[in-house]
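S.K.: Going line by line, the protein sequences match chains V and F.
Sequential numbering of the first sequence, starting at 1, is according to my numbering.
Sequential numbering of the second sequence, starting at 1, is according to my numbering.
Hints listed in this document are in silico derivations from the structure and should not be mistaken for laboratory results.
What you are looking at is a predicted structure, and each value in this text was computed from that prediction instead of being measured.
A portion of the hints provided could be inaccurate.
Lysine-lysine pairs mimicking BS3-like chemistry, simulated, CA-CA at most 25 Å apart [stated by the list, open to error]:
id	chain 1	residue 1	chain 2	residue 2
1	F	Lys-15	F	Lys-78
2	F	Lys-11	V	Lys-57
3	V	Lys-22	V	Lys-71
4	V	Lys-68	V	Lys-57
5	V	Lys-57	F	Lys-15
6	V	Lys-22	V	Lys-57
To give a feel for the contact side, a few chain F residues facing chain V, derived at Cβ under 10 Å [to be verified]:
id	residue
7	Gly-16
8	Leu-21
9	Gly-40
10	Gly-51
11	Ser-95
12	Phe-107
Here a beta-carbon is modelled for each residue, glycine too, at the ideal position from N, C-alpha and C.
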Amino acid sequence: GENVEQHPSTLSVQEGDSAVIKCTYSDSASNYFPWYKQELGKRPQLIIDIRSNVGEKKDQRIAVTLNKTAKHFSLHITETQPEDSAVYFCAASRGFGNEKLTFGTGTRLTIIP
Amino acid sequence: GAGVSQTPSNKVTEKGKYVELRCDPISGHTALYWYRQSLGQGPEFLIYFQGTGAADDSGLPNDRFFAVRPEGSVSTLKIQRTERGDSAVYLCASSPSSTGSPPTEAFFGQGTRLTVV
Chain V
1 GENVEQHPST LSVQEGDSAV IKCTYSDSAS NYFPWYKQEL GKRPQLIIDI
51 RSNVGEKKDQ RIAVTLNKTA KHFSLHITET QPEDSAVYFC AASRGFGNEK
101 LTFGTGTRLT IIP
Chain F
1 GAGVSQTPSN KVTEKGKYVE LRCDPISGHT ALYWYRQSLG QGPEFLIYFQ
51 GTGAADDSGL PNDRFFAVRP EGSVSTLKIQ RTERGDSAVY LCASSPSSTG
101 SPPTEAFFGQ GTRLTVV
């Protein structure tokens, strides 16, 4: 089955700097890669996703890149703010009838004011 | 509310007891998922429903776990003879995607925190 690895497990960044979180996956049939943000005691919420026919996607301060050949994808947050502090999870699925998400182990991001 | 609703929010039960966890998905969402999240870990897939049928139950850890969705809306996750290792947050998610269509966002509920003592 699919295996998703995520690094780093913790990340501290000065406010205003950029943060990068990286994930690798094992199943070459995976073609949907969402990123979820989870604040303490709250539900995971989608912040951005990318499908395999796209190499990069951007939404304001957040961007995701995908390298299907190398089987890795990354989350980039620019101009970080204190409210960006949370745990971030990457995930992968095949979609198209096989919808289960395999999640990474999470990255605890702390923005230092 | 328009989001995914899970009840109860917290459940404490004694080892060996039976528990039921309920999920109300977003109205009209055909796909429903159950995940389990242990402390410091990512959600772990348990089972996926498309309509009333379980399309993929490969994540259920053993036969003590069972889930139903009889009318294609509300789902119940059932755990028999609970063990201390079952303690975790059980998350439900729903999405409008259907078999053969491109994947879409899965919306998560707040979860049920299950503690087995």
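S.K.: Each hint should be assessed against the structure and marked as holding or not.
M.R.: Going down the list of hints, with the structure as the test:
1. Lys-15/F x Lys-78/F: Answer holds: Lys-15/F to Lys-78/F is near 14 Å, not above 25 Å.
2. Lys-11/F x Lys-57/V: violated, 40 Å
3. Lys-22/V x Lys-71/V: With Cα atoms ~11 Å apart, Lys-22/V and Lys-71/V stay inside 25 Å; holds.
4. Lys-68/V x Lys-57/V: Since the Cα atoms of Lys-68/V and Lys-57/V sit roughly 14 Å apart, the hinted pair holds (cutoff 25 Å).
5. Lys-57/V x Lys-15/F: violated, 47 Å
6. Lys-22/V x Lys-57/V: Satisfied, since the Cα-Cα distance of roughly 15 Å is no more than 25 Å.
7. Gly-16: violated, 28 Å
8. Leu-21: violated, 15 Å
9. Gly-40: It holds, given that the least Cβ distance between Gly-40/F and chain V is near 7 Å, below 10 Å.
10. Gly-51: violated, 12 Å
11. Ser-95: holds, 7 Å
12. Phe-107: holds, 8 Å
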